[in-house]
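**Student:** If you want the building blocks of each chain, they are given just below.
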Amino acid sequence: MAETAHMQVSDEVAISIQNMNKWYGTFHVLRDIDLTVNRGERIVICGPSGSGKSTLIRCINALEEHQKGSIEVDGTLLSSDLKNIDKIRSEVGMCFQHFNLFPHLTILENCTLAPIWVRKTPKKEAEETAMHFLEKVKIPEQAGKYPGQLSGGQQQRVAIARSLCMKPRIMLFDEPTSALDPEMIKEVLDTMISLAEEGMTMLCVTHEMGFARQVANRVIFMDAGQIVEQNEPEEFFNNPKSDRTQLFLSQILGH
Amino acid sequence: MSDSQTNSVAFVRTEDVPPAPPPYNSSGPIKWARENLFATPANGVLTLVALYAIYVVLSGTLPWILNGLWTTDSLAECREILNGKAGACFSVLTERLNQLLFGFKYPPELYWRPALAFALLFVAGAPVLFFDLPRKLLIFTAIYPFIAFYLIWGGTLAAPVIALVGCVGGALVYQRFVKNSFAAGFFGGIAAAVVIWAIGGMLIPEGASETAMLTAVPSRDLGGFMLNMMLGVTCVSLSVPLGIALALGRQSDMPLIKVICVLFIEFIRGVPLITLLFVASVMLSYFFPPESTVDLFLRVVIMITIFSAAYIAEVIRGGLAALPKGQYEAANSLGLDYPQAMRLIILPQALKISIPGIVNVAVGLFKDTTLVSVISMFDLVGMIRGPILASTDWNGVYWELYGFAAFLFFVVCYGISQYSQWLERRLATDHR
Amino acid sequence: MTTLTDPPRESFRLGMLINDSRYRSLTFQGIALLALIVAFAYLGNNLMSNLRAAGLNISFDFLGSSAGYDINQRLIEYDSQSSNSRAAIVGILNTLLVAVLACITATIFGVLAGVLRLSNNWLVSKLMAFYVEIFRNIPVLIWIIIIHTIVTAVMPGPKTYLGAEPKTDLFLGLFAFTNRGIYVPAPVWGPGSMVVVATFIASVIGVFAYRRYATKLLYRTGKMLPTGWPSIALLIVPSVIIFYIMGQPIGLDAPDPLANRFNLRGGIQIGAPLIALWLALSVYTGAFIAENVRAGIQAVSKGQTEAASALGLRPGRVMNLVVLPQALRVIIPPLISQYLNITKNSSLAIVVGYADITATLGGITLNQTGRAIECVLLLMLFYLCISLAISAVMNVYNSSIKLKER
Numbered sequence: 134m135a136e137t138a139h140m141q142v143s144d145e146v147a148i149s150i151q152n153m154n155k156w157y158g159t160f161h162v163l164r165d166i167d168l169t170v171n172r173g174e175r176i177v178i179c180g181p182s183g184s185g186k187s188t189l190i191r192c193i194n195a196l197e198e199h200q201k202g203s204i205e206v207d208g209t210l211l212s213s214d215l216k217n218i219d220k221i222r223s224e225v226g227m228c229f230q231h232f233n234l235f236p237h238l239t240i241l242e243n244c245t246l247a248p249i250w251v252r253k254t255p256k257k258e259a260e261e262t263a264m265h266f267l268e269k270v271k272i273p274e275q276a277g278k279y280p281g282q283l284s285g286g287q288q289q290r291v292a293i294a295r296s297l298c299m300k301p302r303i304m305l306f307d308e309p310t311s312a313l314d315p316e317m318i319k320e321v322l323d324t325m326i327s328l329a330e331e332g333m334t335m336l337c338v339t340h341e342m343g344f345a346r347q348v349a350n351r352v353i354f355m356d357a358g359q360i361v362e363q364n365e366p367e368e369f370f371n372n373p374k375s376d377r378t379q380l381f382l383s384q385i386l387g388h
Numbered sequence: 085m086s087d088s089q090t091n092s093v094a095f096v097r098t099e100d101v102p103p104a105p106p107p108y109n110s111s112g113p114i115k116w117a118r119e120n121l122f123a124t125p126a127n128g129v130l131t132l133v134a135l136y137a138i139y140v141v142l143s144g145t146l147p148w149i150l151n152g153l154w155t156t157d158s159l160a161e162c163r164e165i166l167n168g169k170a171g172a173c174f175s176v177l178t179e180r181l182n183q184l185l186f187g188f189k190y191p192p193e194l195y196w197r198p199a200l201a202f203a204l205l206f207v208a209g210a211p212v213l214f215f216d217l218p219r220k221l222l223i224f225t226a227i228y229p230f231i232a233f234y235l236i237w238g239g240t241l242a243a244p245v246i247a248l249v250g251c252v253g254g255a256l257v258y259q260r261f262v263k264n265s266f267a268a269g270f271f272g273g274i275a276a277a278v279v280i281w282a283i284g285g286m287l288i289p290e291g292a293s294e295t296a297m298l299t300a301v302p303s304r305d306l307g308g309f310m311l312n313m314m315l316g317v318t319c320v321s322l323s324v325p326l327g328i329a330l331a332l333g334r335q336s337d338m339p340l341i342k343v344i345c346v347l348f349i350e351f352i353r354g355v356p357l358i359t360l361l362f363v364a365s366v367m368l369s370y371f372f373p374p375e376s377t378v379d380l381f382l383r384v385v386i387m388i389t390i391f392s393a394a395y396i397a398e399v400i401r402g403g404l405a406a407l408p409k410g411q412y413e414a415a416n417s418l419g420l421d422y423p424q425a426m427r428l429i430i431l432p433q434a435l436k437i438s439i440p441g442i443v444n445v446a447v448g449l450f451k452d453t454t455l456v457s458v459i460s461m462f463d464l465v466g467m468i469r470g471p472i473l474a475s476t477d478w479n480g481v482y483w484e485l486y487g488f489a490a491f492l493f494f495v496v497c498y499g500i501s502q503y504s505q506w507l508e509r510r511l512a513t514d515h516r
Numbered sequence: 003m004t005t006l007t008d009p010p011r012e013s014f015r016l017g018m019l020i021n022d023s024r025y026r027s028l029t030f031q032g033i034a035l036l037a038l039i040v041a042f043a044y045l046g047n048n049l050m051s052n053l054r055a056a057g058l059n060i061s062f063d064f065l066g067s068s069a070g071y072d073i074n075q076r077l078i079e080y081d082s083q084s085s086n087s088r089a090a091i092v093g094i095l096n097t098l099l100v101a102v103l104a105c106i107t108a109t110i111f112g113v114l115a116g117v118l119r120l121s122n123n124w125l126v127s128k129l130m131a132f133y134v135e136i137f138r139n140i141p142v143l144i145w146i147i148i149i150h151t152i153v154t155a156v157m158p159g160p161k162t163y164l165g166a167e168p169k170t171d172l173f174l175g176l177f178a179f180t181n182r183g184i185y186v187p188a189p190v191w192g193p194g195s196m197v198v199v200a201t202f203i204a205s206v207i208g209v210f211a212y213r214r215y216a217t218k219l220l221y222r223t224g225k226m227l228p229t230g231w232p233s234i235a236l237l238i239v240p241s242v243i244i245f246y247i248m249g250q251p252i253g254l255d256a257p258d259p260l261a262n263r264f265n266l267r268g269g270i271q272i273g274a275p276l277i278a279l280w281l282a283l284s285v286y287t288g289a290f291i292a293e294n295v296r297a298g299i300q301a302v303s304k305g306q307t308e309a310a311s312a313l314g315l316r317p318g319r320v321m322n323l324v325v326l327p328q329a330l331r332v333i334i335p336p337l338i339s340q341y342l343n344i345t346k347n348s349s350l351a352i353v354v355g356y357a358d359i360t361a362t363l364g365g366i367t368l369n370q371t372g373r374a375i376e377c378v379l380l381l382m383l384f385y386l387c388i389s390l391a392i393s394a395v396m397n398v399y400n401s402s403i404k405l406k407e408r
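Residue numbers (my numbering), protein chains in the order written: chain A, 134 to 388; chain B, 85 to 516; chain C, 3 to 408.
Hints are computed from structural coordinates only; laboratory data are not their basis.
Heads up, none of these hints are tricks.
Stretch by stretch, here's where chain C covers chain B in the computed footprint (C-beta under 8 Å, at least three residues):
1. 129-136
2. 327-341
3. 370-384
4. 486-495
Beta carbons: idealized from backbone N, C-alpha and C, even for Gly.
Make a model of the complete structure from these sequences and hints.
**Tutor:** Below is the structure:
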């Protein structure tokens, strides 16, 4: 398993965040974030609630705006220029905690919507790509159903397939398994692991530490808007250096 | 894949970054204005158009209001004094305020009575609307209708007292027997109340009304805003129990009851209130026993109550549907029968959920009480269109009077809807 | 090893009527039916004796007799010799006219106000909130009276437009706003005008066909054709061209200020009562529709917009493809209820002197013939039919767009 962790990490920089600060009004929610993600790296971000980890990854695809510092994704600087935002969003895919599938469209239509209207792919081609990715997440037979008819785990896998249909180079996961029943967590994590094995660059906010150990190159611990500690998974879990990391780990690994 | 890369990954923060204030142009009034008013060119144009519209409206109405006269005797005098300038003639309000509030036939020396009843309304309504107040206050709420009736209509004290005693007797009998069976309690209570009323009615001496402490005022002398408020409060309060019964009937398993309730509700909701008021004014008296005369006020109360009950039934139906099915199942599995399950478990929760909807219906109903002016009752609107605008002194004073009426209704309705929003927020947090 | 046997069949006991669940509901329904019959009998008896005492009976013959009053605003031929039933039909048409007009304009006001209420322009959003609160918290009767007063007391009389040197000129040379109503030019259909109308209808169909073709093309090849400007051009250009080719066959009969000393002649007069009622119902119901629209759009969870944005869709597409389809499901049922409310509120026409069904059948006819019960019953029957029709439409809509769930 440690093999997977070191495989396929190149030197090319996928995401470069420098001195990034964000305020909500006067509340300083992200402070002096410096982070460089290489292509092929898998990073797990953990931390207590309110630490800003979701805010951080939402800044990367411009769902949130940052006031200071710079974020560069795939060589494109994230600014208020709409063209840059569009470019970044088509290279970065995101999965949400509450799936956010479009309930009025079938599974297949959910997956083909963006390729047709953003990448202007012909419908037939988009549908073939969609079926390919639905097979990859192991639910091709659900293509004609509506999201309301699927279980939570199936919906999240569809959400992953939907993002993959845009052929992103980076995937962001915002607590993808937190809203799932325990018996469905494994199927989603398995999907994410197979994505990782294919070399996808991933940033994952999650509490699933088993997943982190298995797949991550780096685990980052955030607290109060700052990156407090980051390290390889083995070192991070066995030898946490900061007090706050130790406290957090004892709380979530305890049960 | 080299070792040097893995070593460069490790990082431990040694010093915290203290929170800092945001950069200047990220907050503050200029940034606020830029973001909220002029974010895009289209927005900027909208802002300018809106500002211009506000300016036009204010420049027309503010001078009119500020130049208003409050102490003249007639419209002609107002116009003389203003001499061509724009100005309101608010003196119509100063002179006719009492008529607008109480109607033009209610004896002026008795105004303190409805005013007192109005003040007590807040005391009576407070424990119902605000759950945190002590529940003992509900006793006052229960006897308030009788107090209010006595204050407004006057007449012999015996009538409201006997009515109250009848209700208390009925309630006691109900309490005693409801544990045996709901039917025994309910019908027993009604029987007891009727018996007490019958006996009491025979005990009232003839001519008691003339020598009463509070002079009797007949219903046709009621008017003004007081009439709207009385209709609103009475009809909403009476229609809630009726609405509950209709809602329960509508979702009952017994086909006949369900059909009757559905037909009734759909019929009432399908016709405008004005047709029901026509029924009250011209048709309803045909259905009462011959030789009996029924107050117009009572007939109108009956029809408006029926109207309101149908809408409240729909709101409560929504509340009942919003309850998780598990509640019904839990009540049944505990061995409670239908009346007990409804009374103790289902209805308290369903009513709590339905309160915002019921308050909405109440606001709508209060606004609809103005329709009685069409059947020649002199409520606030009827007063304005009838006696006041027809009088020679004030013929032509439209804006001041209608503005005042609009203002009164706005204050009451807006207040109620703010309460409703506060309540919804409260209930939402309760239900987490 | 026990064998199961059927429970012994008990013989029927009277107590089972209440206690046995098989008979209990029948008992209650029997009691209810009995109570209902008794109540109806009692009321019917009272009715009959009261009618006898007053020398009346229930009969609908009065519908055939002559009405004896004039109606100003009407859509069909009618005079004071026409029958009461014809007067009722005039009333029905007037009710439907004001209801349909008010539904259209109320929807326009409501959608505009609702969408603007959600705009991120603080000033506009607050203004719309102000509009909504002012109109929702004041009774519709007061609004109808106020707007009627504005129309009749503030607008000038027709006299100011008359003569060779009028005090007020016709607006755009075509419209006159007076306290009797708005005079608008009437279209005059010359020869060849049908061709222009047909072209216009064909253009409307053409616009829909073009949009469908554009979507199909996108699905097939991925090329996106512009749909905004071409639609507008397609709507207007062919009709205008044909209009001029045919020699401008459709003329306007404008109100003529010189024809008469007392009034404007020519054109169509939209009476002040209709204008007042139409405007009042539109802005009043528009406020409620605005709240429905706002609630509908806000009901779509923020996550939907975020997911769509994260996939790279622009805000316009997000609104069209993701938010609006979901929002409409929440908006349309209450919208249809508001249409029902407009129809019911139009019964207040009697207050402004507009001859709708309540004013003719339930007003003048009722007072003149004294047939209170029959008139009120017919009146309620009419409104019931409309309500049932609108509810049926709503049910059909609801079941056709239901989101499929497990």
